[in-house]
Amino acid sequence: MTLAAKSLLLIATLALAACNNPDRYGAGGPGGAGGPGGAGGIDTTGLGDPNNPTSIAYFNQRVGDRVLFAVDQSTISPEGRAVLTAQAQWLMTNTGYAAIIEGHADEQGTREYNLALGARRAAAVQNFLISQGVPANRLRTISYGKERPIEVCSTEACYSQNRRAVTVLSVGAGV
Amino acid sequence: MRSAIRTLFALALGLTLAGVAPIQAQNAPPRIVIGPGVIEPMPIAIPTFIDEGGAGEYAREISRVVTSDLEGTGFFRNIPQDAYISRITSFDGGIAFEDWKAINAQVLVTGAVSVSGDRITVKFRAYDVFNGQVLEGAALQFAGTTQGWRRMAHKVADVVYSKITGEGGYFDSRVVFVSESGPKNQRLKRLAVMDYDGANVQYLTDSSAIVLAPRFSPQGDRILYTSYESGFPRITLLDVASLRRQSLDEQPGTMTFAPRFSPDGQTVVFSLERGGNTDIYALAVGTGGLTQLTNAPSIETAPSFSPDGRQIVFESDRSGTPQIYVMPASGGEGTRISGGQGRYGTPVWSPRGDLIAFTKQHQGRFHIGVMRTDGSEERLLTASFLDEGPTWAPNGRVLMFTRETSGAGGQATLWSVDITGRNLKQIPTEGPASDPAWSPLLP
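So the sequence lines, in the order shown, correspond to chains A and B.
For the first sequence, the working numbering begins at 112 and goes up steadily by one.
For the second sequence, the working numbering begins at 13 and goes up steadily by one.
By construction, these hints were calculated from the structure, which means they are not laboratory data.
Quick caveat: nothing in here was measured; it's all calculated off a predicted structure.
The beta-carbon is built from N, C-alpha and C at its ideal position, and this holds for glycine as well.
The reader is advised that the hints may include incorrect statements.
Not the full set, but computed from the structure, chain B residues with beta-carbon under 8 Å of chain A [to be verified]:
(1) Phe-269
(2) Ala-314
(3) Pro-452
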């Protein structure tokens, strides 16, 4: 991809990523704590009917919007491959969406290292989706490191849910 | 005698797990030598400073801050005023040293404060009680605006501390940090700055975007940090006076974080992530020129310059776990210096050049530790569920860091510890706080 194309992609994703990621407009935002969303506070209201296979709600709940990782790892597990294969198929069918892949880490680690680790996980998912045929210019990554745990306890039960990469769709984004 | 004591002091610093022993000889000035030995704080008397006109509360408050600074180091024990036998009623009057000897004071600090309009003047003397002489260089006067009264108290305490320990002061300094609120899964973060002791808090940003790991410029006039303001993590430069801020990198498709200034303030080193791989880069602040310093498929992050600007210590997981490496400032592969068991991160070079502070994770615990710049003589200073991100006091004697408690209600707080591992204490903050970074000593 040329630099110009990358710039265009950046502008497009920034412009369109608004409604599905509260951190973009202030952590906390109006999202509340519900929903299985990416950054820990996404409300699925308004994301469509989960029974409608072209809705974001369907993608999040039925396809599965996330994969989990082992400690310190960014290798995608067999379960993760199944989820991402389905994500890729959905994205290729529903071409009017772009996605930001959020990489996260658990709290066992320093802030800086976890940012880098989250980026590795997000990139692993991005690469897998691209290998399945999703156009690269519809995908963007971001790392939250350990800043946005979805589960808040300090045991492996929570850590295993926090070591994740979440595919967050942008409404109406057709690139 | 003085040079002999300094030599002894320098030798003592080289030893591990040093304690503090007040040195008292018949004709020697009172001296705290930080080295191995009995931990016995030096008794000091600080009578309330004299009001020499219009000072009112300022005289009492300045005395209180001077006392708090000195006692807060753990090297001094303040003698309560109700134990005093004689009183100090005038700054230039005679002093009954026998009365201060009788209560075992080794050092007596007297002072006077006057206020005229918004101008305040503070003068003080620190005496060696044993010989009744003013400690060399410890009779000074500071003047400024009443608004800056705490700084004058810190300056008095810095002089007393320096004269007695032979170390540079650190009380007249600021700490930038991240003020936190909200639940663990929706934390709100904003930049704030405070005096080293937690007073005088000012907020520098709002909490509309995640902000992380601020760092002062060598002059203390600018702050680098990582901000999600654009929607993605970007290193950002904030001017402290105007609060104007600018994003330092504009490379689409990348994430930048972990910035830190070079000692001359001309270069910013930071991590840049592209396609999942994180390496260390240097940005020339004046020209915007970008240089890649590491080139490896592993994670390279948390760079910190040596005080002479020639080397950079950083963290890499190229060996399979995060460890600490040192490379030339021009870049390169680097040499691993961390050798113990566990995971090492956030290395920070001491302003004195002699030690590297770090975060260590081992067997489910976090530690703040220090090691020599070749990795030898590692010693761990703290242990808890989560301690991380040490920052050096301007004199290289004290570290401040983040301590976070576990569980759903886990909260971050700021703590400091002496490099001997003594005097571990929490810094009072209004609410939860993380990622402290110490300023240089103020001018």
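Numbers of the earlier hints that this structure fails to satisfy, in rising order: 3
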